[in-house]
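Engineer: Given next are the chains, with one letter for each unit.
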Amino acid sequence: MHSGQMGDELMTERDGMVETLIYTKPVSLTTGATHYCPGCTHGIAHRLIAEVIDDMGRRESTLGVAPVGCAVFAYDYFNMDFAEAAHGRAPAMATGLKRVSPDKLVFTYQGDGDLASIGAAEILHAAGRGENITVIFINNAIYGMTGGQMAPTTLPGQKTTSTPSGRDIEVHGFPLKMSEVLSQMDGAAYIVRRSLHDVAHIRKAKKAIRTAFEVQEQGIGFSMVELLSSCPTNWGISAEDALTWVEEHMVPAFPLGDYKVHESISARKKG
Amino acid sequence: MATGYIVVNEDLCKGCELCTTVCPKDLISMAQDRFTPKGYHPAELVDPDRECTGCGICAVICPDAAITVYRFVPAEKAAVS
Amino acid sequence: MPKELLKGNIAFAEAAIRAGCEAYFGYPITPQTEALEHMSKRMPELGRVFLQAESEVAAINMVYGAACAGVRVMTSSSSPGVSLMMEGLSYIAGSEVPVVLVNVMRGGPGLGNIAPSQGDYNQMVKGGGHGDYKPIVLAPATIQELIDLTVIAFDLAEKYRTIAVVLADGSIGQMMEPAELPPMRELRQVAERPHWALTGAVDREPNVVSSIYIDPVEEEVFNLKLVEKQKQIEAEEIRFREMWIDDAEIALVAFGTAGRIAQSAVKDARENGMKVGLLRPISLYPYPYAAVQQVADKVNRILVVEMNGGQMLDDVRLAVEGRVQVDFYGRMGGIVPLPDEVYEQIEKTYAQRANGR
Numbered sequence: 001m002h003s004g005q006m007g008d009e010l011m012t013e014r015d016g017m018v019e020t021l022i023y024t025k026p027v028s029l030t031t032g033a034t035h036y037c038p039g040c041t042h043g044i045a046h047r048l049i050a051e052v053i054d055d056m057g058r059r060e061s062t063l064g065v066a067p068v069g070c071a072v073f074a075y076d077y078f079n080m081d082f083a084e085a086a087h088g089r090a091p092a093m094a095t096g097l098k099r100v101s102p103d104k105l106v107f108t109y110q111g112d113g114d115l116a117s118i119g120a121a122e123i124l125h126a127a128g129r130g131e132n133i134t135v136i137f138i139n140n141a142i143y144g145m146t147g148g149q150m151a152p153t154t155l156p157g158q159k160t161t162s163t164p165s166g167r168d169i170e171v172h173g174f175p176l177k178m179s180e181v182l183s184q185m186d187g188a189a190y191i192v193r194r195s196l197h198d199v200a201h202i203r204k205a206k207k208a209i210r211t212a213f214e215v216q217e218q219g220i221g222f223s224m225v226e227l228l229s230s231c232p233t234n235w236g237i238s239a240e241d242a243l244t245w246v247e248e249h250m251v252p253a254f255p256l257g258d259y260k261v262h263e264s265i266s267a268r269k270k271g
Numbered sequence: 272m273a274t275g276y277i278v279v280n281e282d283l284c285k286g287c288e289l290c291t292t293v294c295p296k297d298l299i300s301m302a303q304d305r306f307t308p309k310g311y312h313p314a315e316l317v318d319p320d321r322e323c324t325g326c327g328i329c330a331v332i333c334p335d336a337a338i339t340v341y342r343f344v345p346a347e348k349a350a351v352s
Numbered sequence: 353m354p355k356e357l358l359k360g361n362i363a364f365a366e367a368a369i370r371a372g373c374e375a376y377f378g379y380p381i382t383p384q385t386e387a388l389e390h391m392s393k394r395m396p397e398l399g400r401v402f403l404q405a406e407s408e409v410a411a412i413n414m415v416y417g418a419a420c421a422g423v424r425v426m427t428s429s430s431s432p433g434v435s436l437m438m439e440g441l442s443y444i445a446g447s448e449v450p451v452v453l454v455n456v457m458r459g460g461p462g463l464g465n466i467a468p469s470q471g472d473y474n475q476m477v478k479g480g481g482h483g484d485y486k487p488i489v490l491a492p493a494t495i496q497e498l499i500d501l502t503v504i505a506f507d508l509a510e511k512y513r514t515i516a517v518v519l520a521d522g523s524i525g526q527m528m529e530p531a532e533l534p535p536m537r538e539l540r541q542v543a544e545r546p547h548w549a550l551t552g553a554v555d556r557e558p559n560v561v562s563s564i565y566i567d568p569v570e571e572e573v574f575n576l577k578l579v580e581k582q583k584q585i586e587a588e589e590i591r592f593r594e595m596w597i598d599d600a601e602i603a604l605v606a607f608g609t610a611g612r613i614a615q616s617a618v619k620d621a622r623e624n625g626m627k628v629g630l631l632r633p634i635s636l637y638p639y640p641y642a643a644v645q646q647v648a649d650k651v652n653r654i655l656v657v658e659m660n661g662g663q664m665l666d667d668v669r670l671a672v673e674g675r676v677q678v679d680f681y682g683r684m685g686g687i688v689p690l691p692d693e694v695y696e697q698i699e700k701t702y703a704q705r706a707n708g709r
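Protein chains in written order, with my numbering: chain V, 1 to 271; chain G, 272 to 352; chain F, 353 to 709.
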């Protein structure tokens, strides 16, 4: 995996071997530090999106829409034009942006509260319309920014600050499975769920993000990549244990896979 | 001899330790003798036997893109890529 | 351009198109749905953007998105739908992107009815959404004014990077009158879009459109910037009409359809020898406080006529500052007062004018 340039200044020859740059922070990310907690997978998701946009050479023609949630300051971290949406409204804002700027890549970056709670109508209709945007959906089964309350994707029995005895399905019902739901829309072209819990899955997630943006570039329809993510701080465990929790608890509840792949997306892209 | 090495940007590293869990050769550890400007112990490459291959797996998991990865490749290969 | 017989809702939609509106996002709601339907036909004809959103919440956010790209964009709705837009309008005000909104008011509160009212004066003129901001609010009384003010709204929204509202009611939306549409304006090129717009960060630092200022000190700086903007708007964008004021002993103050009805009643009163005048505010924000105060200096009584429970009444009282008694006559429920009713009120008020001070 390579991102960044191999400039002459980085190549030094020694014993017939040349030192080459293999990886550095993508240009589509700003140079400063983020405010995300140590080990938070938001950082990984941001990085993957930026790598893809760099690889596609689209930094100067991509417009992003930031959510309300931990990623509310995403516009400080992505080195491209960005708009800040009201909570849940990013798909509607992205619709407005894309309809008047069809040549640009337009993407939203949304958490589980933003997308599956207050924004449920907006995401459903954007997918239903086959809106030619890309949605990156960060599902960490909790409300991070506001301090750890139940999310629509919180698992049964999971303890949060608003379900202190664990999510009771008698009271709060079951988690929403957005990839499954949106894949039912005829307008949806590419709906996949991936995970960020280990290196192998992170690599697959990046491929999916790349495919999603290519689907937009080719005007095939609505694309979404749901990324199972961690929240070490509000889950109350270490970053490493949080990734294990994703693998052991979230993956069984939110199965990974390709829920909708339009026939015009080549078979090579799948998986 | 080592075929690669990494540089950790200590302005970005938050000491999350995820890189230490994925290095196939267990060459990364958290420096105990210093703190980053934000007060974290930064990750660092500890590679006395020059085993790092520059595989880049640590950079794949780093949430802060703090790791820059270098590899020594044969001159002919470098010229081509 | 020759005059055509135009329905209000069609008139403002077509006027917007002539003014260079590049995108329309809306949702059906009586009594303004004809505007959405007109846009659904005309915008694709002209290669411009039209989309019926899934709700007014979605519509105003689509408007917000398009406005971030620096295009001329509008929506239209009616009272309950406008309530749904209040969140979006606050965000739009907080990020200073230009937007035009037409509110064709109906009976309320709640679901109310589909008949005309002026019940949203407070909501529109005082801001409506959360936070310190005030949109420019223009109130037409005729179809021609509706057309002219819609065009002006786009210019004002861009000039001040603010929301410009055309505040009509169901009777203006539904009635038909001969009026003249302006010629078609040429659309702007992408390269001519404002410097702050999201057009892709080519050869420049990225643009961010946002309403968040997490540091209170920075937020106050921004709030004060909006206050300065309001002052500029108040200095330069006041609009009103005065009729028969010079020798008037009492004056009516009324806007929109109520103003038009008041005009008929005042005309009749004059023909019957009563010295009555009328001030009809056209800009509700910025409100013509000075003009109303000057009228208050001249007359013995003021009578405010509205199709609500007394909303602009407060602004008139503010302007008058106790100089004279301010009476009120209003109809609610979606009922449009007849000139006869208003004439009766004028008679009553006129008879008592000697007790005005």
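There's no promise every hint is true.
Listed below are several chain F residues computed to face chain V (Cβ distance under 7 Å; list not exhaustive) [what the hints assert, rightly or not]:
1) Pro-396
2) Gly-399
3) Val-401
4) Cys-420
Partial pick of chain V residues on the chain G-facing surface, computed with a CB cut under 7 Å [stated by the list, open to error]:
5) Val-27
6) Thr-30
7) Pro-38
8) Phe-174
From the derived model, a few chain V residues whose C-beta atoms are all more than 12 Å from chain G [said to hold, decoys possible]:
9) Asp-15
10) Thr-20
11) Thr-34
12) His-87
13) Glu-240
Bear in mind the hints are in silico, worked out from the structure with no lab data behind them. All values reported here derive from a predicted model rather than from experimental measurement. All C-beta atoms in this analysis are idealised placements derived from N, C-alpha and C, irrespective of residue type, glycine included.
Engineer: Work down the list of hints and note, for each, if the structure agrees.
Structural biologist: These are the hints, each one checked on the structure:
1. Pro-396: At 12 Å from the nearest chain V Cβ, F/Pro-396 fails the 7 Å test, so the hint is violated.
2. Gly-399: Since the shortest Cβ distance to chain V is 11 Å, the answer is violated.
3. Val-401: Cβ of F/Val-401 sits 5 Å from chain V, so the hint holds.
4. Cys-420: holds, 5 Å
5. Val-27: violated, 11 Å
6. Thr-30: violated, 10 Å
7. Pro-38: holds, 4 Å
8. Phe-174: Violated: closest Cβ of chain G sits about 30 Å from V/Phe-174, beyond 7 Å.
9. Asp-15: Given a closest Cβ separation of 8 Å, the condition is violated.
10. Thr-20: violated, 5 Å
11. Thr-34: At roughly 7 Å from the nearest Cβ of chain G, V/Thr-34 sits no farther out than 12 Å, so the non-interface label is violated.
12. His-87: Per Cβ check, V/His-87 is outside 12 Å of chain G; nearest 24 Å; holds.
13. Glu-240: violated, 5 Å
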